[in-house]
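Engineer: Per the working numbering, the sequence shown starts with residue 443, numbered consecutively.
Among the hints, erroneous ones may be present.
Claimed, not checked - Below 25 Å or equal to it, Euclidean Cα-Cα: the simulated SDA-like pairs (lysine to any residue) are:
#, residue 1, residue 2
1, Lys563, Gly549
2, Lys547, Ser557
3, Lys494, Phe470
4, Lys494, Tyr472
5, Lys563, Gly548
6, Lys563, Ser528
7, Lys494, Ala507
8, Lys494, Cys473
9, Lys547, Ser528
10, Lys494, Leu483
11, Lys494, Leu504
12, Lys547, Asn519
13, Lys494, Gln466
14, Lys547, Tyr566
15, Lys547, Ile558
16, Lys494, Leu471
17, Lys494, Phe467
18, Lys547, Asn562
19, Lys494, Ser465
20, Lys494, Glu480
21, Lys494, Gly468
22, Lys494, Gly464
23, Lys494, Leu508
These are calculated hints, taken from the structure and not from any lab test.
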Amino acid sequence: MVENSPSPLPERAIYGFVLFLGSQFGFFLYCLWAYIPEEWLHSVGLTYWPQKYWALAMPIYLLVALMVFVVVLFGINMNNTAPLDSVDNITDVFAQGQRSDCYRKGGIPRLKDVSISEVNKMFYLSSET
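Kindly generate the complete structure, drawing on both the sequences and the hints.
Structural biologist: Spelled out as structure tokens, the structure:
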């Protein structure tokens, strides 16, 4: 039986460490490729490499793609959100309204759904009106 512990299992820790080492090694190779001149790479026999243009272009393309993804995801979520006056946004078939007469004065009411109109009355309307 697996114990409930915040520390990872030994297998997961080993896989994570190997992934960490691999990513560090890949980044080291990327930095070497980006900074070493082409002539030095050709003298060693490494001739089939991408152009140095991609050393800057690929990270920039990835960042722009990430920003576009975030903006599109935000737009899709805003498009799929029901308007504030929609009944689907306020309640569902199992919702039970909060009645003010079922609890004692000063007591804590039972946990139930509160309609958006009651919330707006509590927050935005003054008590004099």
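Engineer: Now tell me, hint by hint, if it's right for this structure.
Structural biologist: Hints, one by one, checked against the model:
Only pairs whose Cα atoms come within 25 Å are accepted, and lysine 563 paired with glycine 549 is accepted, the gap being roughly 20 Å. With a C-alpha separation of about 21 Å, the suggested pairing of lysine 547 with serine 557 holds against the 25 Å cut-off. Distance hint between lysine 494 and phenylalanine 470 is fulfilled; the C-alpha atoms sit about 16 Å from each other, no more than 25 Å. This hinted pair checks out: lysine 494 and tyrosine 472 have alpha carbons roughly 11 Å apart, not beyond 25 Å.
About 19 Å separates the Cα atoms of lysine 563 and glycine 548, which keeps this hinted pair within 25 Å; it holds. Taken as a hint, the lysine 563 and serine 528 pair is honoured in the structure, with Cα atoms around 18 Å apart against an allowance of 25 Å. Between lysine 494 and alanine 507 the alpha-carbon distance is near 20 Å, which keeps this suggested pair within the 25 Å criterion. A threshold of 25 Å between alpha carbons decides the hint, and for lysine 494 with cysteine 473 the separation of about 11 Å falls inside it, so the pair holds.
As the CA atoms of lysine 547 and serine 528 are separated by approximately 32 Å, the hinted pair breaks the 25 Å bound. Between lysine 494 and leucine 483 the CA atoms are separated by roughly 12 Å; this keeps the pair inside 25 Å, and the hint holds. Distance hint between lysine 494 and leucine 504 is fulfilled; the C-alpha atoms sit about 16 Å from each other, no more than 25 Å. Distance check on the hinted pair: lysine 547 and asparagine 519 sit about 41 Å apart at the alpha-carbon level, beyond 25 Å; violated.
Proximity of lysine 494 to glutamine 466 is assessed by CA-CA distance (about 20 Å); at most 25 Å being required, the pair is judged to hold. Of the pairs offered as hints, the one joining lysine 547 and tyrosine 566 holds, with about 23 Å between alpha carbons and a cut-off of 25 Å not exceeded. Proposed proximity of lysine 547 and isoleucine 558 is supported: the alpha carbons are some 23 Å apart, at most 25 Å. Proposed proximity of lysine 494 and leucine 471 is supported: the alpha carbons are some 13 Å apart, at most 25 Å.
At most 25 Å may separate the alpha-carbon atoms for a hinted pair to count; lysine 494 and phenylalanine 467 meet this at roughly 19 Å. Taken as a hint, the lysine 547 and asparagine 562 pair is honoured in the structure, with Cα atoms around 22 Å apart against an allowance of 25 Å. For the hint pairing lysine 494 with serine 465, the CA-to-CA distance comes to about 21 Å; that is within 25 Å, so the pair holds. Distance hint between lysine 494 and glutamate 480 is fulfilled; the C-alpha atoms sit about 9 Å from each other, no more than 25 Å.
For a cut-off of 25 Å, the pair hint linking lysine 494 to glycine 468 stands: about 16 Å separates their Cα positions. Under the criterion of a C-alpha separation no larger than 25 Å, the hint pairing lysine 494 with glycine 464 is consistent with the structure, at around 22 Å. A distance of roughly 22 Å separates the Cα atoms of lysine 494 and leucine 508; the hinted pair therefore holds under the 25 Å criterion.
Checked against the numbered hints above, the structure breaks hints 9 and 12 and satisfies the rest.
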